[in-house]
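Asks: Using the sequences and the accompanying hints, generate a full structural model.
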Amino acid sequence: MADSAQTNEPRTSEGRYMRQVRSFVRREGRLTKGQAGALERQWPTMGIEFDGEQLDFVAIFGNTNPVVLEIGFGMGKSLVAMGKAAPETNFIGVEVHTPGVGACLLEAEQQDVTNLRVIEHDAVVVLKEWIAEHSLDGVQIFFPDPWHKKRHHKRRLIQADFVALLRSKLKEGGVLHLATDWENYAEHMLEIMNVAPGYANQAADGSYIPRPEERPLTKFEQRGQRLGHGVWDMKYTAI
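Residue numbers (my numbering): 11 to 249.
One should not assume that every hint holds.
[Claimed, not checked] In silico DSSO-like links for lysine-lysine, alpha-carbon gap of 27 Å or less:
1) 181 - 229
2) 159 - 43
3) 159 - 94
4) 94 - 43
5) 229 - 87
6) 94 - 229
7) 138 - 164
8) 181 - 94
9) 160 - 94
[Unchecked claim] Label-pair distances were calculated between CB atoms; the ranges are:
10) 120 - 171: 36 to 46 Å
11) 165 - 208: 38 to 48 Å
12) 215 - 60: 40 to 50 Å
13) 97 - 178: 39 to 49 Å
14) 229 - 208: 15 to 25 Å
15) 240 - 161: 19 to 29 Å
16) 59 - 178: 22 to 32 Å
17) 120 - 98: 14 to 24 Å
18) 60 - 165: 18 to 28 Å
19) 178 - 60: 10 to 20 Å
20) 163 - 53: 28 to 38 Å
It should be emphasised that the hints constitute simulated quantities derived from the structure, not laboratory data. Even glycine gets a Cβ: it sits at the ideal position worked out from N, Cα and C.
Replies: So this is what it looks like as structure tokens:
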């Protein structure tokens, strides 16, 4: 899902951040009528635009509830399900794939979820320029692009610099939740995270945790389980 860096004009310009690790690979597709309609109806209230100032979560949501940021929500079904299950928490989803944004807004509309906002932009830029220091209660990144080939591993989102950036945005006690269905990437995540300053692995043995109940089991995951494929979850507390 994740793999959402580009400029303040995400649909037209990519030059400014060409040399940094991007949190996405753009895969544009055509909007369905449902997605296009949801964008038109819901973006004015659920979409977040950048005005040059860091985001004011109280103004955006109208409350002081905890805020969780999801990077790369894909089509948004799991994110909406999490929002519906936890109305006392505010969720912000970041995604660069326009049909995914439309699908997420359509699902939120159908499920009557109102504690969710979406950003169609590069997550690295969002974190650096939009999010205040130590303002997030949680960050979740589920199934980022694993970049299977070894020569491409440097393109993986979970790298030392990136998790340091995430730590600077998390409150003390905030939680970073990672999940992947690619074992080599899970091992890579552990290697990066277990030496990252300011994080404590919630797993007693310093490795993985069972899938938390709050992360919905996707159809993709269910199919993978039937085929004997693994999924690895990790949670780290900001200390």
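Asks: So, for every hint listed, does it hold in this structure?
Replies: Each hint, compared with the structure:
Of the supplied pair hints, the one linking residue 181 and residue 229 is violated, its CA atoms being roughly 32 Å apart against a limit of 27 Å. For the given pair, residue 159 sits about 36 Å from residue 43 by alpha-carbon distance, which is inconsistent with the 27 Å threshold. Distance hint between residue 159 and residue 94 is unfulfilled; the C-alpha atoms sit about 37 Å from each other, more than 27 Å. Of the supplied pair hints, the one linking residue 94 and residue 43 holds, its CA atoms being roughly 24 Å apart against a limit of 27 Å.
Of the supplied pair hints, the one linking residue 229 and residue 87 holds, its CA atoms being roughly 10 Å apart against a limit of 27 Å. Our distance criterion of 27 Å between C-alpha atoms is met by residue 94 and residue 229, whose separation comes to about 18 Å. Of the pairs offered as hints, the one joining residue 138 and residue 164 holds, with about 20 Å between alpha carbons and a cut-off of 27 Å not exceeded. Our distance criterion of 27 Å between C-alpha atoms is met by residue 181 and residue 94, whose separation comes to about 23 Å.
At roughly 39 Å between alpha-carbon atoms, residue 160 and residue 94 are farther apart than 27 Å, so this suggested pair is violated. Residue 120 and residue 171 have their C-beta atoms about 38 Å apart, which keeps the hinted 36 to 46 Å range intact. The hint said 38 to 48 Å for the Cβ distance between residue 165 and residue 208, and at roughly 24 Å that hint is violated. A hinted range of 40 to 50 Å for the beta carbons of residue 215 and residue 60 is consistent with their spacing of about 41 Å.
Distance hint for residue 97 and residue 178: a CB-CB separation of about 28 Å, inconsistent with the stated range 39 to 49 Å. In this structure the hint that residue 229 and residue 208 lie 15 to 25 Å apart at CB is violated, the actual value being about 35 Å. The hint said 19 to 29 Å for the Cβ distance between residue 240 and residue 161, and at roughly 24 Å that hint holds. The beta-carbon spacing between residue 59 and residue 178, approximately 23 Å, falls within the hinted interval of 22 to 32 Å.
The given range of 14 to 24 Å is respected by residue 120 and residue 98, whose C-beta atoms sit roughly 21 Å from each other. The supplied range of 18 to 28 Å is met by residue 60 and residue 165, whose beta-carbon atoms lie about 25 Å from each other. A C-beta distance of roughly 19 Å is found between residue 178 and residue 60, which places it inside the suggested range of 10 to 20 Å. Look at residue 163 against residue 53: about 36 Å separates their beta carbons, and that is inside 28 to 38 Å.
In this structure, the hints that do not hold are numbers 1, 2, 3, 9, 11, 13 and 14, in rising order.
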